Structures are given as C-alpha cells and as structure tokens.
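Number of protein chains: 2
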Amino acid sequence: MYKKIDAQDVQFLKELLGEERVFVGEAISEDYSHDELGGISRLPEVMVEVLTTEEVSQIMKHAYQEGIPVVARGSGTGLVGASVPIQGGIMLNLTKMNRIKELDENNLTLTVEPGVILMEIAKYVEERDFFYPPDPGEKTATIAGNINTNAGGMRAVKYGVTRDYVRGLEVVLPNGEILKVGGKVVKNSSGYSIKDLICGSEGTLGIVTEATLKLLPLPKTVISLLVPFPNLDMAIGTVPKIIKSKAAPVAIEFMQREVILAAEEFLDKKFPDNSSDAYLLLSFDGNTKEEVEKSYEKVAQLCLEEGALDVFISDTDERKQSIWSARGAFLEAVKASTTEMDECDVCVPRDKVAQFITYTHDLEKAFDVRIRSFGHAGDGNLHVYVLRDGLDEEAWKEKLSAVFACMYRRARELDGVVSGEHGIGFAKKPYMFEQYDEAYITLLKNIKLAFDPKNILNPGKVCQ
Amino acid sequence: MYKKIDAQDVQFLKELLGEERVFVGEAISEDYSHDELGGISRLPEVMVEVLTTEEVSQIMKHAYQEGIPVVARGSGTGLVGASVPIQGGIMLNLTKMNRIKELDENNLTLTVEPGVILMEIAKYVEERDFFYPPDPGEKTATIAGNINTNAGGMRAVKYGVTRDYVRGLEVVLPNGEILKVGGKVVKNSSGYSIKDLICGSEGTLGIVTEATLKLLPLPKTVISLLVPFPNLDMAIGTVPKIIKSKAAPVAIEFMQREVILAAEEFLDKKFPDNSSDAYLLLSFDGNTKEEVEKSYEKVAQLCLEEGALDVFISDTDERKQSIWSARGAFLEAVKASTTEMDECDVCVPRDKVAQFITYTHDLEKAFDVRIRSFGHAGDGNLHVYVLRDGLDEEAWKEKLSAVFACMYRRARELDGVVSGEHGIGFAKKPYMFEQYDEAYITLLKNIKLAFDPKNILNPGKVCQ
Numbered sequence: 001m002y003k004k005i006d007a008q009d010v011q012f013l014k015e016l017l018g019e020e021r022v023f024v025g026e027a028i029s030e031d032y033s034h035d036e037l038g039g040i041s042r043l044p045e046v047m048v049e050v051l052t053t054e055e056v057s058q059i060m061k062h063a064y065q066e067g068i069p070v071v072a073r074g075s076g077t078g079l080v081g082a083s084v085p086i087q088g089g090i091m092l093n094l095t096k097m098n099r100i101k102e103l104d105e106n107n108l109t110l111t112v113e114p115g116v117i118l119m120e121i122a123k124y125v126e127e128r129d130f131f132y133p134p135d136p137g138e139k140t141a142t143i144a145g146n147i148n149t150n151a152g153g154m155r156a157v158k159y160g161v162t163r164d165y166v167r168g169l170e171v172v173l174p175n176g177e178i179l180k181v182g183g184k185v186v187k188n189s190s191g192y193s194i195k196d197l198i199c200g201s202e203g204t205l206g207i208v209t210e211a212t213l214k215l216l217p218l219p220k221t222v223i224s225l226l227v228p229f230p231n232l233d234m235a236i237g238t239v240p241k242i243i244k245s246k247a248a249p250v251a252i253e254f255m256q257r258e259v260i261l262a263a264e265e266f267l268d269k270k271f272p273d274n275s276s277d278a279y280l281l282l283s284f285d286g287n288t289k290e291e292v293e294k295s296y297e298k299v300a301q302l303c304l305e306e307g308a309l310d311v312f313i314s315d316t317d318e319r320k321q322s323i324w325s326a327r328g329a330f331l332e333a334v335k336a337s338t339t340e341m342d343e344c345d346v347c348v349p350r351d352k353v354a355q356f357i358t359y360t361h362d363l364e365k366a367f368d369v370r371i372r373s374f375g376h377a378g379d380g381n382l383h384v385y386v387l388r389d390g391l392d393e394e395a396w397k398e399k400l401s402a403v404f405a406c407m408y409r410r411a412r413e414l415d416g417v418v419s420g421e422h423g424i425g426f427a428k429k430p431y432m433f434e435q436y437d438e439a440y441i442t443l444l445k446n447i448k449l450a451f452d453p454k455n456i457l458n459p460g461k462v463c464q
Numbered sequence: 001m002y003k004k005i006d007a008q009d010v011q012f013l014k015e016l017l018g019e020e021r022v023f024v025g026e027a028i029s030e031d032y033s034h035d036e037l038g039g040i041s042r043l044p045e046v047m048v049e050v051l052t053t054e055e056v057s058q059i060m061k062h063a064y065q066e067g068i069p070v071v072a073r074g075s076g077t078g079l080v081g082a083s084v085p086i087q088g089g090i091m092l093n094l095t096k097m098n099r100i101k102e103l104d105e106n107n108l109t110l111t112v113e114p115g116v117i118l119m120e121i122a123k124y125v126e127e128r129d130f131f132y133p134p135d136p137g138e139k140t141a142t143i144a145g146n147i148n149t150n151a152g153g154m155r156a157v158k159y160g161v162t163r164d165y166v167r168g169l170e171v172v173l174p175n176g177e178i179l180k181v182g183g184k185v186v187k188n189s190s191g192y193s194i195k196d197l198i199c200g201s202e203g204t205l206g207i208v209t210e211a212t213l214k215l216l217p218l219p220k221t222v223i224s225l226l227v228p229f230p231n232l233d234m235a236i237g238t239v240p241k242i243i244k245s246k247a248a249p250v251a252i253e254f255m256q257r258e259v260i261l262a263a264e265e266f267l268d269k270k271f272p273d274n275s276s277d278a279y280l281l282l283s284f285d286g287n288t289k290e291e292v293e294k295s296y297e298k299v300a301q302l303c304l305e306e307g308a309l310d311v312f313i314s315d316t317d318e319r320k321q322s323i324w325s326a327r328g329a330f331l332e333a334v335k336a337s338t339t340e341m342d343e344c345d346v347c348v349p350r351d352k353v354a355q356f357i358t359y360t361h362d363l364e365k366a367f368d369v370r371i372r373s374f375g376h377a378g379d380g381n382l383h384v385y386v387l388r389d390g391l392d393e394e395a396w397k398e399k400l401s402a403v404f405a406c407m408y409r410r411a412r413e414l415d416g417v418v419s420g421e422h423g424i425g426f427a428k429k430p431y432m433f434e435q436y437d438e439a440y441i442t443l444l445k446n447i448k449l450a451f452d453p454k455n456i457l458n459p460g461k462v463c464q
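For the protein sequence lines, the chains are A and B, in the order given. Quick note: the first sequence uses UniProt numbering, first residue 1, plus one each step. Quick note: the second sequence uses UniProt numbering, first residue 1, plus one each step.
One chain only, chain A, in its complex shape (with noise of 0.2 Å):
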C-alpha cells in the first residue's frame, strides 16, 4: 500500500539535511521502535532529525508526493503507542527543534519549537515570575507531544489542560503546506477552531513546529495538604464533598499505601508518612499566604470530619519536595515493581471515581492480579495499571485484554471517557470503537480525511 524508502528518498532526505542527522537500517537506535509502554514495536525504515519548519515541509512534500507513511516523534513518552512507526516510512525526530523562541510579557506569552521539555519551560517562565499550568507527571514529554495528547496533569482541577494553554500553533499538513492557526490573540471565532483539532490528534492531522503558549502571572504562595484517611473509600469519598464545598484546590490526587511503599522503594526515600492506608494529596496556591489558608482550611476541616487522621501541611520546600516527587515517581516505581503492565487513562464524572476504584479493587480479586492506581481524584482522571508479575505470555494478554474490557466497560457506564490524557494511539483504538456509535467514527475518519487525504501521515492510529 505504501511506498518502502528506496536510495532516491534517502538521498532526497541527505541532500535536504545532510548525512549526519539522516540515519537508515541499523543505525537507528531501536529506542525509536517504541514509546514508553507501547507493547507494540517496530523501526522507521529512516529516521531524520530536523530542525526547522521549512525542512519538515520539504520532507512532507517529498513522502506526500511519493505515498511514503510519516511519523513524528518528540521524547518517546507517550504510553499508547501514538508515535511507533507501525507502517514504517520516515520518523521525524523533533527533539533538536527545542529553542525557547519569545516571551512576551505584553501579551503574555511564550512562543516555542516543539521539541522542548516540558520540565524547561516550567523554570524558564517560573524563573521569569510567569506561570504555564498544564502539569503532566511527565515532566521530560515534549510540548508538542503534551499538546498532541492534551496532556492534563495535576492542576487540570484548577487550571485546565493542555488546549487552554495553546493560543496559536505553525503546523505543516500532510502535502507540506505550513499553516498558521491561532496567534498571540485572547479571542478568535474566525473559522473553524483548527487550533484546538491538532491539539489532542496524536500526530494524525499534521505536525507542529511552533506553539504559542498562554502564560499566568506565578502564585506567590503554594501550599500542600497531605491528608492520611484509613481507607481509599474514605478518601474518594471526600473528593466530591471538596469540589461541592466550592473550594478551589489546584490539585487533589489520591493514592494508596502500596503505591507510596513502591515509591519509597523506587527513590530510596521516606514518604513524610506510610502508615496509612489511603491519601489524598491537595494543593492551594494564592497571593498571600492568608488568602490560601483561608481556602485550606474549610477544606482541612471538611477532611477531618469525613473521616481523615490527620492533616500534615507541607508550607516549606522542602517537605513539599519530598512529596510531590514521591507523587512523580509513582509510575516508574509501580513498573519498576513488576516485570510488564499496561494502564487504563480513564476519565469519569468527579462523583464517579470512588465507584470506579471500588471495581478495580473487585477485578483485582475475581482476576487474580495485581492491580494499582493512583491518579487525579479531583479532575476524575484515573490511572489505573495491571501488573502481570509472573504471569507467562498467553495467560497475561489473556488477562490483560479481560480486565480491560471490564475497566473500560466499567467507565462507560459511568459516563466516562476512553482517555483522559494518555490518547488513543494504537493501543486503545478497541476501546475508543467501543465507546463511540459508527456515526461518531464516521466523523472522525472523515475529519482525518480532511487533512490527509493519502492517509501517510501517522497512518493506522486513533481512529482508524
């Protein structure tokens, strides 16, 4: 169906950038087979580095031209496999387009190739007294790939996800036009929203080459409250209480004593606290220091009624360290446990979670398997992980695929969502055609057609 990489295309793409950022055959590390949880794999047929726009478009015109499939790939830490190269072709590799281009402080924004990281931006702007919100645990993700996942994170509760931070994009279709959507502008109902399509596709409508990102003056003050409660049920059921009580936490995440324990482990460091079953981790920020202990406190004091032993403030760095990078830890400390997992990303209405988590402790049991989750208790974002451990081959993908259809099942009963912030890539494409009726899909394919009418440009992936 598609053209294989013969010499001329080789030779187009080093003539284009050159021998050394061109790599074939045994030259590619097998690094850019995979992502960070795929169980799917396979090698571009030529993987190239690039560094400008004009280069991404060139090679677009080329492979469009040719029928040649294309993919895009920033750091590899997508978990369902959006960036493997599954019919081959050429991999992008965008990482090098990583400068920091503008800030501008009048309008509020920060301008930036797509391949910086995630962790850059947070000190470039904080060092400057600026703020970008979106908080992915992930924290080496590149932008592009948080902006073509809509990654959320942990301050979604309070500030939204990835979408509400992107104010313009440079993006180059499939036949290698370059378009800009978007820009520095607060407001725009000029078209069709095509800003806000790229943002979530995965890699499958075109590639962005620049992002405009809104930015937020940085709280002066930001508090943590660790809140230790005798079991999960307690915790979850707080949430829903919290978000009715009309505080505004940024973020409220729960986790459960053997994750923590994992994460100890992982780190080689103490948690503040273990010795209970369950937490809810929540933070406030503000101004002053009196205006977030104002939205503390009815909150601390919601806790202890419903049920918390206690209420551990964390105002100092230090302490606040110690916590959030156990909290950042949790999933390579829960795959460091276990010899193989895969996740579900569900998302489900706030007053759902507890039901939600309530199943996965049911399947946990009538399954035989382990089973962890911890996740964004205040936004209903779960991320739910099956362990295989010690089971072999077949009786895991047996498994795996059971529990599975019963979590996503599960979560549309509950009016949730396939993804919360993971995407769809090429793993949970079963899952999504589940969860949507065949004029949804339809839809969706007719979008993708939209842009990429040849279908070469991340092919086999999301909806298709």
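Derived by calculation from the structure, the hints in this document are not laboratory data. Computed from a predicted model, the values in this text were never measured in an experiment. Treat the hints loosely; a few may be bogus.
As the list makes no split between identical chains, a pair holds if one copy fits it or if it spans any two.
Below, simulated DSSO-like cross-link-like pairs (lysine-lysine); rule was C-alpha separation at most 27 Å, straight line [what the hints assert, rightly or not]: (1) K14 <-> K123; (2) K158 <-> K298; (3) K158 <-> K180; (4) K4 <-> K214; (5) K244 <-> K123; (6) K241 <-> K320; (7) K180 <-> K429; (8) K244 <-> K101.
The hints should help you fit chain B onto chain A, whose structure is shown.
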C-alpha cells in the same frame, strides 16, 4: 441546486410537530429574515419551532434525504448574518428548547437546552452561588448562539471564552444522527475534539441540542474601577502595562466620551463621570475584600502614574450597576445615534490595541465618516462601528467597503484575526478569505464536507 419546499415537506413537518409549530409564507414574521446587524435578509420557506432533539433529528434526516437547506436560529442577536437562511429552506427555531435541565453540584456542571438565554443562566447559577464566567454584552443571546460563535465577552481577560466552559454537547449532524461529545468529564483525550470544532462553527457543522457547561464557585467580591484619562492614547497605552504588572483583572474595557454620552442619552441615565475624553473600566474579583483590594491597588497606582486623572472605585451594587448597564447599552446606543451601521470585530494582540485604535481615528478623518469604538482592551478584542448617518445607499456601501478593507488589512498587519467573537457568518467572509491562504481555506472547506457532504446545513456561511 437545492430542493424547494413543497406540499409534501410541509405535510411531513406538520405531522411531526403539529400544525401550530409550522409556519409557512406570510405566517413567518419578517424578524426571521435577518439578525441584529445583517444588511442581508431572506425569509425561510418554512419556519418550525422544535421542542426535542428527536424532532431536530427527524427533520434533518428528511432534509438530508431531500436535499433541503436548513438553518438553526436562536434569539437572532448575531451580528454577521450567520442565521440568515440565504438559500431559503427550513429554519429551525430553537428558542422554545429553553429548559435548564440539571445543576450537578458534585461535578460543577449545568446542563441546558440550546435556547436558554444567557441572562437566565447567569441568574440561575448566581442565585445558587455558582458562576458561569462568559459574559458577552448581549444577554438575550441563547447559549447555543454563544457556543456557535464562541462568544467571549468582558471577562475573557481572566476567565477565557465560551469554548473553555463547554464540557459536553449533544449535536444533531446534518444527516440526522445524534452525537454526544464530551460530557461531565474534566479531561478528555479520546479522539479528535469534535466539541471544540462545534464551538465557533456558526451552525454549519451540526445543531447543538444540549450543552453541559462548566461552572465555578461564585467569587464573593467584585469591585470595579472607572479610570478617566485625558485622552484615549493614554488610556489604551496603560493596558499592556497592567497586563505586564501581573495583576489579574477580570475585565478591562475602554470607552470614549462620545460613546458614554450616547449611552446616557439612550438610557436617560447619568454615568458616574463623563467629563474626560477616555476611560478604562476594570473589574477585579476574589473571595475577600482584602484580597481584591490587594490586587487592584497596584493597578490603580499604575494608572495614576500613567496619567489617569482619577480612579473611581465602585464597590456598591448601585454604582457598579450604573457603570455596567451603561457599558451594556453601548451597542444599542451607538446604533440609535445613526441611521445604519456595520461593525468590525477584530482581535489583535493586546499590545497592538493602541495602534489599531489610532488607525481608526486616521480613517475617520481620511474618509470623513463617523467611527465609534469600544471594547475589550484587556483581551485585544475591539468593536469598531462605522456609522452611515446621512450617506445615501451607494456612497455608504462604497465608503463602508473601503473603510473595512483598510481596517481588516491593518488588523492582519498587527497579527490580529478577522473576528474575536462575532464570527464570520455571511458578512465577514471576504475578510476571512483575505486573511487565510488557499491551503487554510481548503482545509476549512474539507472540514465542512467531513460533517456535511451534501452541504445542506447553513450553506454559504463561514468558508463557503
């Protein structure tokens, strides 16, 4: 090209809806032939009042099969002719689908039918201590109209635009299929964001039959500042400095003396001050008076340093009411002061507002025509009105077209967009076509085709 409505079609509609909700020929009020500021008008061949999603779906199925154009209409407060049935056909009047269906306090959402008007939503939620931040000037617009233009309003500076508050939609596609997109979930990365595409699509991609809106806790205190300046340049020049100071005002509006005088006359009510040439009107909110004071004190000081003549603080309801009701009447007041007018709704980066407004003053002299402007200085979205006054039809059309061409060109030069919140509809198409290159327009047309292959839903609008 399109099928004309015949007796069978009318019969079908009457059987579906009953005689009393189907209007044909002279039974259709002239009101339905235009919107608020169109310049274009045409009556539909048949106008129907719908009450349920199922009715909308049945009508679309019929229209799709027969090839009849359909336009959906709310309150008709649009400003670009988006709801004018320029091809005749069926008009769906959605104003009677006006129920507030559910306030979900656990998930902070409000689910409404499309015809609920904005002021009802504001009243309903504020009485219950919740807050729906989007606040366009036209309070009698329907919520579906707001969604379809992605209306912004005054509070966008701090709170963003309508799209940011739409969590889920029920949409009837041109072929009659009913789609549920999004929901009560806070995060969603499950396929292309159809929800975000529908927002701002001006009734051309689907018909919104239900919306689930995100609410916030109601801020307990709002304080407004009215700041007179010796001239408009000084007033507007202060805005980027306010943004840069990292204050977080809810709104920054600018207004000139002439517009205030027109509003006073129109409302027969005095504005708190009308002695200065130009004003900024700011508002700040928060949960305590101290917190709000803290945030505006710095801004008040900054305004005085920049040459403001005074700073009037309005913390009583009465005084705020008098200021904001005048602001709310600007459009009507300017309209009442002339024979006819047309508006330019550009959005430019915030630090370009002064340049754009200065340019409109140059145009006023160069073309010897009255131009009035006011708007959202804090977000760069400007409403500039060209007034016909005594010009005859031909001279008016010629002058308007020349002045508009200049203004939209200038907006493009300043990296602005053709519409901030009123949309493109029918009237602003030429300016959008000038803004985007061919690849962009092709993509917009392809997206339209992805939803509406027979081009029956609101044909001839946005990108056609």
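Can you give me the call for K14 and K123, within, between, both or neither, at a CA distance of at most 27 Å? neither (36 Å within a copy, 64 Å between copies)
Cα distance capped at 27 Å. Does K244 pair with K101 within a copy, between copies, both, or neither? between (41 Å within a copy, 19 Å between copies)
Same-copy or cross-copy closeness of K158 to K298 [CA-CA at most 27 Å]: both (17 Å within a copy, 25 Å between copies)
From the Cα coordinates, with 27 Å as the cut-off, is the pair K4 and K214 best called within, between, both, or neither? Cα proximity of K4 and K214: none, with 41 Å in one copy and 48 Å across.
What label fits K158 with K180 when the C-alpha limit is 27 Å: within, between, both, or neither? between (29 Å within a copy, 25 Å between copies)
Within a copy, between copies, both or neither: where do K244 and K123 come within 27 Å Cα-Cα? Between. Shortest inter-copy distance 19 Å satisfies the 27 Å Cα cut-off; intra-copy 34 Å does not.
Pop the pair K180 and K429 into one bin, within, between, both or neither, using alpha-carbon distances up to 27 Å. Classified as between; 19 Å across copies, 30 Å inside a copy.
Regarding K241 and K320, is the shortest C-alpha distance of 27 Å or less found within a copy, between copies, in both, or in neither? The answer is within: 24 Å in one copy meets 27 Å, while 34 Å across copies does not.
The earlier numbered hints that this structure contradicts are 1, 4.
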